[in-house]
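Q: Sequence:
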Amino acid sequence: MFEHAASIEPIWQERTHALKGLPGIVDIRNLGLLAGIELSEDAATGKAMAKKVYDYCFEQGVLIRPVAIQSSFLRRLSSPRQKSTRCFRRSPMA
1 MFEHAASIEP IWQERTHALK GLPGIVDIRN LGLLAGIELS EDAATGKAMA KKVYDYCFEQ
61 GVLIRPVAIQ SSFLRRLSSP RQKSTRCFRR SPMA
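First residue of the sequence shown? That's 1 in our numbering, and the numbers climb one at a time after it.
These are calculated hints, taken from the structure and not from any lab test.
All values derive from a computational prediction rather than experimental measurement.
Among the clues, some could well be false.
[What the hints assert, rightly or not] Okay, derived cross-link-like pairs now, EDC-like style, lysine to aspartate or glutamate, Cα gap no bigger than 20 Å in a straight line: (1) K51 / E41; (2) K51 / E38; (3) K20 / E3; (4) K51 / D27; (5) K52 / D42; (6) K52 / E38; (7) K47 / D27; (8) K20 / E9; (9) K20 / E38.
[Unchecked claim] DEER-style ranges, computed between Cβ atoms: (10) N30 / Q60: 38 to 44 Å; (11) I11 / G46: 19 to 25 Å; (12) M1 / P23: 25 to 31 Å; (13) A6 / K47: 19 to 25 Å; (14) F2 / S40: 18 to 24 Å; (15) R65 / E14: 17 to 23 Å; (16) G46 / A6: 40 to 46 Å; (17) F2 / L22: 16 to 22 Å; (18) D55 / E9: 37 to 43 Å.
The beta carbon of each residue, even a glycine, is placed where N, CA and C say it ideally should be.
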């Protein structure tokens, strides 16, 4: 299990940090397969985007835990590689 997590970590880190520069992304922090992504308010509505991001990720089979205007991705160590990066296919903030 630890070897599997170690094999996915570089891909997860790369895909997570590739979100930098997208509208609404304030900061990204990683530790292993855990990523903390700080979000700004939606420019169009002035509302927190965490719910929008949560709904999108859930539809993709990725569990996150929104906290105020931040979202933290929670990944199982045993998750398949494709599922680990599924929520990065399209930005839910677009």
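Q: All hints are to be evaluated individually against the structure, with a verdict given for each.
A: Now the hints, each set against the structure:
Taken as a hint, the K51 and E41 pair is honoured in the structure, with Cα atoms around 11 Å apart against an allowance of 20 Å. Proposed proximity of K51 and E38 is supported: the alpha carbons are some 13 Å apart, at most 20 Å. Between the alpha carbons of K20 and E3 the distance comes to roughly 28 Å, so the proposed pair goes past 20 Å and is violated. For the proposed pair K51 and D27, the alpha carbon gap of about 17 Å is at most 20 Å, so the pair holds.
Annotation: proposed proximity of K52 to D42 holds, straight-line Cα distance about 10 Å (limit 20 Å). For the suggested pair K52 and E38, the alpha carbons sit about 14 Å apart, so the restraint of at most 20 Å is met. At roughly 18 Å between alpha-carbon atoms, K47 and D27 fall within 20 Å of each other, so this suggested pair holds. A distance of roughly 18 Å separates the Cα atoms of K20 and E9; the hinted pair therefore holds under the 20 Å criterion.
Taken as a hint, the K20 and E38 pair is honoured in the structure, with Cα atoms around 11 Å apart against an allowance of 20 Å. The hinted range of 38 to 44 Å is not satisfied by N30 and Q60, whose Cβ atoms lie roughly 19 Å apart. A hinted range of 19 to 25 Å is violated for the C-beta pair I11 and G46, which are about 34 Å apart. In this structure the hint that M1 and P23 lie 25 to 31 Å apart at CB is violated, the actual value being about 36 Å.
Between A6 and K47 the beta carbon distance is about 38 Å. The supplied range of 19 to 25 Å is therefore violated. Separation of F2 from S40 is about 35 Å and departs from the stated range, judged on CB atoms against 18 to 24 Å. Between R65 and E14 the beta carbons are some 22 Å apart, a value that agrees with the proposed interval 17 to 23 Å. Between G46 and A6 the Cβ separation comes to about 41 Å, which falls inside the hinted range of 40 to 46 Å.
At roughly 31 Å, the beta carbons of F2 and L22 sit outside the given window of 16 to 22 Å. Under the hint 37 to 43 Å, the C-beta atoms of D55 and E9, about 26 Å apart, miss the expected range.
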